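K.L.:
Residue numbers (our numbering), protein chains in the order written: chain Z, 2 to 476; chain E, 851 to 1069.
Note that these hints are calculated values from the structure, not bench results.
What you are looking at is a predicted structure, and each value in this text was computed from that prediction instead of being measured.
Over 12 Å on every C-beta distance to chain Z, these chain E residues come out as not near it, computed from the model:
1) Ala857
2) Ser905
3) Glu994
4) Thr1001
5) His1017
6) Asp1057
7) Tyr1066
Here are the simulated lysine-lysine pairs, DSS-like style, with alpha carbons at most 30 Å apart:
8) Z:Lys406 with E:Lys867
9) E:Lys867 with Z:Lys448
10) E:Lys885 with Z:Lys404
11) Z:Lys473 with E:Lys885
12) Z:Lys406 with E:Lys870
13) E:Lys937 with Z:Lys473
14) E:Lys866 with Z:Lys300
15) E:Lys867 with Z:Lys300
16) E:Lys866 with Z:Lys448
17) Z:Lys369 with Z:Lys232
18) Z:Lys38 with Z:Lys151
19) Z:Lys406 with E:Lys866
20) E:Lys1053 with Z:Lys448
21) E:Lys885 with Z:Lys406
22) E:Lys870 with Z:Lys300
23) E:Lys867 with Z:Lys404
24) Z:Lys201 with Z:Lys213
25) Z:Lys448 with E:Lys937
26) E:Lys870 with Z:Lys448
27) E:Lys937 with Z:Lys38
28) Z:Lys404 with E:Lys870
29) E:Lys866 with Z:Lys404
Where a beta carbon is used, it is the ideal one built from N, C-alpha and C, also for glycine.
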Amino acid sequence: MSVSARHSASFFLCRLRDEVQRLEDGQFPGHHPGPRKWLAFIKGLIDTGLNYADAAGNRRLRPAQANHLLYQAEDLAVEAYSLLAGFNASESTRIPHPVVAPLQRWAQRLGIEHPIFFSAEHEPVYELAWYDKTDYSDPFGKLASESLKKVVAETQWPIYRITVPSKAMGMLPHFAVVAHEFGHAVSDDIFVDDNIPEYKKFRRRLDARLAKLSVTADPVEVFTSYSDIFKLWMDELKADAVGHYIAGPAFFFALCGFLELSGRGFGVGRTHPPSSLRRQALFEKLSTGRPSFAAAYRKHLGIPLTVDISSPNMAVFSRTDDEPFQGLVQPGPNQLAPLDAAICMELPALMEAMAPAVFQETLAFLRKRCPDLIYSASDLDQDLSEHLDALSAMVPPIEQNRKGKLSPCRLATILNVGWAAMLGRLSSFGDAPQGAPEVEPADQLAKLHELLLKAAELSEAKQLWEECQAAKGTA
Amino acid sequence: MTTLSSAALRGRLSEKKLNKRLVVCPLLDAGNQLKAGQASIDIRLGFEFCLVSPSSVGVVDEFSNGDDRLESLSQLYRREYVPLGGKIVIHPHQFMLAQTLEYLRFPPDLMAYVVGRSTWGRLGLIVATAVGIHPNFAGSLTLELRNLGETPLALYPGQVIAQLFVHDVRAPNGRPSTALAPETQYAGAVDMVPRRISSAATKGTMDQLIERFKTYQKS
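Given only the sequences and the hints, what does the whole structure look like? Please build it.
P.N.:
Next comes the structure, spelled out in structure tokens:
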């Protein structure tokens, strides 16, 4: 086999190993082992690749055997490279780091014990990806490196990667969307009974639509497609419900703003229900209850909450409208088969009927697992009373005063006070006194973002300090 | 000029009226940072540091129109973030910018001086060169640190690094001042890097003076 090919592969792997070392020497926001676990896994892949490259140099091997080993080495190099590329924006310099530790607290309180790392992209994107490499060292047999075997055995898989917008793109109040991503991680623990009367109506409408389209499908095929799409949509609704309960109205504003930015379509597909359905379900939760979130907004800002307050251009889905269906079956990478498209057109009505149960079960789950994480309308009212005027006077929500005791503000407080300031107080926020130059709205938003990041950083510092003081006291 | 005692400071920190409230937040250990019988608030080191780094900028000349014109003062600095529990070392004769951990907001009738702690002083660490905090200041305080000693010093975010002596500001009629600042470079500032050196008015006048001088030189 070609010596230079083997040397090239080894050289590539060594350079990757140097890059991993450089990252390991760096700083990561938050206090969690996620980034270093992930780097250890990548290093394990690289070491295994080097084992393969070395083995390919055995002169006693037949050329085909040597080439096969080299092929494996190259595969491992490419995999390590692509994982490194996905990881590369995880350092403190790229991510708005003050927000990472508070987000990790959400994960912890939700019972997500797995390692997490955050990664930043230069675009408005929020995503949860997970990597399960539980049996990853097995296929490599004797050539699996010790470093790979160790990290695979010692890690609680899957490792989660949360992607957020980079420092250049992100605005803190929008990070409420991360609550939805955490919702995906726990959605399997939230049970919602899907055996409801509306299912029969859904089936009748679906059958009628399929007949109109002249689509004949085997009942098993129909049920399988329906089950797949239903599960994915249900996951999204549960994740939305988690987002609502732990981030309050901030999640509604952030999600709707994000959905508006991320495309002009209906948002409907195999994996997601229509954006307008999600928006409506969340809006109803904001508007109901005594007290309600909407009432708190009216009281403190004089603003009536409307469903399209942060998404005026969102397309509203209707099952009688042909446009969504045409979008689903249009040739392209997201094209759906007519059966799936028909299911996507009829399922929203069923999901709408199920939404109250989804929210109810999610609330029950959160009350059992992490009741202190739930953000209520009363919390919003109290937070706006305490912090909104202060924020307008350049005092960020770092601490809250509850019954005479100062404690660090929760992330939900910071996000919601931030959104309230953005929606209703920006014109007075940071106002220059009479005769002074005007302040640009964009500059005001940037100032607000800075102050909220500072609030997140300092409230987290206080939280950590108190934990260490308490630990010292019990030591 | 009245200096506020720790008891008076406590009163102003818990003042209900926002326009009269002194904000120094968070006080991680209020009992020790505001000791009874004393007249200052201890403040702690924050997480971000700016180190002056080599660059192609030859001289800081805010009025230059040539190649050494400074578009942004941030070219001079390299940022380091140190989390709680971490440390940064300041070497002998090294200069760096740091921030207070606490966020500060001064009402119109209070100002403060930042004074280093004598313990650090004895080790050679100068904590602040620009020592006055004006009324209406809001933001994280930037500290200018220089190690004048001969020993490297390890600095940890969260360490008590300086103290604030807070004073009344009086209007001409002797009453507490209520004047708001018309233009404050650092209102709500949380970034250490200086944004400009002179005010817009001064810069405008200086530009004129420099042009006139150049013209005079040529003639």
